[in-house]
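Colleague: With the hints as extra help, turn the sequences into a complete structure.
So the protein lines, in turn, are chains A and B. Heads up, the first sequence is in UniProt numbering, so the first residue is 1 and it goes up one at a time. Heads up, the second sequence is in UniProt numbering, so the first residue is 1 and it goes up one at a time.
Don't read these hints as lab results, they were simulated from the structure. There's no promise every hint is true.
Straight-line Cα separation of at most 25 Å, DMTMM-like style, residue types lysine to aspartate or glutamate; simulated pairs [as the list claims (entries may be wrong)]: (1) B:K118 with B:D107; (2) A:K118 with A:D82; (3) B:K118 with B:E48; (4) B:K118 with B:D131; (5) A:K118 with B:E196; (6) B:K118 with B:D82; (7) A:K118 with A:D131; (8) A:K118 with A:D97; (9) B:K118 with A:E196; (10) B:K118 with A:E185; (11) A:K118 with A:E48; (12) A:K118 with B:E185.
2 protein chains.
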Amino acid sequence: MPNPTAAMLVIGDEILSGRTRDGNTHHLAGELTRIGVTLSEMRAVPDEAPRIIEALNALRERYDTVFTSGGIGPTHDDITADAVAAAFGVAISHRADAMALMQAHYDRQGMEFNEARKRMARIPDGATLIDNPVSIAPGFTLGNVHVMAGVPNVFQAMVATVLPTLTGGAPLLSQSLRVMRGEGEVAAPFGALAAEFPDLSMGSYPFQANGAYGTNLVIRGTDGAQVDAAMTRLAALFGE
Amino acid sequence: MPNPTAAMLVIGDEILSGRTRDGNTHHLAGELTRIGVTLSEMRAVPDEAPRIIEALNALRERYDTVFTSGGIGPTHDDITADAVAAAFGVAISHRADAMALMQAHYDRQGMEFNEARKRMARIPDGATLIDNPVSIAPGFTLGNVHVMAGVPNVFQAMVATVLPTLTGGAPLLSQSLRVMRGEGEVAAPFGALAAEFPDLSMGSYPFQANGAYGTNLVIRGTDGAQVDAAMTRLAALFGE
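Modeller: In structure tokens:
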């Protein structure tokens, strides 16, 4: 049985303008691989409701699970929650449980729970909250979509909360061999080996070190015995 | 007149598995912003022909220019050139000019120009080559699609070659103010300011420094006088 699939939707002008480099996708990718969920696609779109709605509807239809990052803060450009509600065709309002935990948080901090902050308690109908141990304002899950913050430490905390609720498949195992030969030199025997193991995925990633060409050869698969067998063959072909 | 639009398509299992963190999109985003081209969408897909073809056709139809990175090396998993040819419905073959420059390169290096390396001279019919000053094997442009290497220094060199051929618009100007107040505190006046300047894009990006909350307030736009005017107002609101 193939592993469950997932997609990531990164929301924010700051990613596409080059101001901010997205690192959330890389974090999520590693975590999903570890539990046997295949990250099948990633998209980044600007803070524009029609673009968020369109991408979200395309992805949630196609993949088992969708994660979003960004756009759930208190300012005018944080429109993700509204866009998600619109994508699902449900209403959105200030939710009592979210309001209560944020009120308690700001009371403890001696800060005003003002209108802008209350914006972060606006949650689409039917969603469940995702805990935010870092800065309290919650994410939420609606259907197969997990809506999370863009700030990396909050995103990572939310991923840690959501992951145990997912049904993973067989973890993707990966082994690699670093050889000091150019990709063009290893390509033919490596390709032949890949053809012998159709259930495994083999990739080659060139690098340069001290002016010399090298290649990292990576074998990935869910069947540990097959990965081991292919790795033994690879080492015999290229091991120094 | 709105600025020309672009999309980025990152191709490669290694990005989605979490092995490699994509940095090419961030580089391209910054370069496009500088010359007044709006990066409107980014997608990442695995090394699977149907997925590459589908994403490429969706993006090249919708945006003025599309950039791809990854999958143009010599190994069996490098299928981007074939997928691009299939997306455009054109043939692909070893091209004489690409073969000649690669032959000369490998002769100089005293390396064999073997079958795997010759794979990198397979170029779709009707394409023009993109120079690769780093490792010679060229990228190519077909229609509004620029197909480039995934290795970051090669990708960057190819971007530098392609950018002067694009017709940019007004460069996106950006100014920012760093304030040591939480996002929730600045949200209301910042949102009101944004509403006064509908032609500008204003975003807020929270951070923590030494346990205190702060926010970077960013104003972006193509009209320098408007950006300056908004920035003056912003400084009056929040300047310390």
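Colleague: Now tell me, hint by hint, if it's right for this structure.
Modeller: Hint by hint, here is what the structure shows:
1. B:K118 with B:D107: Roughly 13 Å separates the two Cα atoms, so the pair holds.
2. A:K118 with A:D82: holds, 14 Å
3. B:K118 with B:E48: holds, 21 Å
4. B:K118 with B:D131: Cα-Cα ~16 Å, so holds.
5. A:K118 with B:E196: Since the Cα atoms of A:K118 and B:E196 sit roughly 23 Å apart, the hinted pair holds (cutoff 25 Å).
6. B:K118 with B:D82: holds, 14 Å
7. A:K118 with A:D131: Holds, because 16 Å separates the two Cα atoms, which is no more than 25 Å.
8. A:K118 with A:D97: holds, 12 Å
9. B:K118 with A:E196: Status holds; Cα separation ~23 Å.
10. B:K118 with A:E185: Given that 25 Å is the threshold and the Cα spacing comes to 11 Å, the pair holds.
11. A:K118 with A:E48: holds, 21 Å
12. A:K118 with B:E185: holds, 11 Å
The structure meets every hint from the earlier list without exception.
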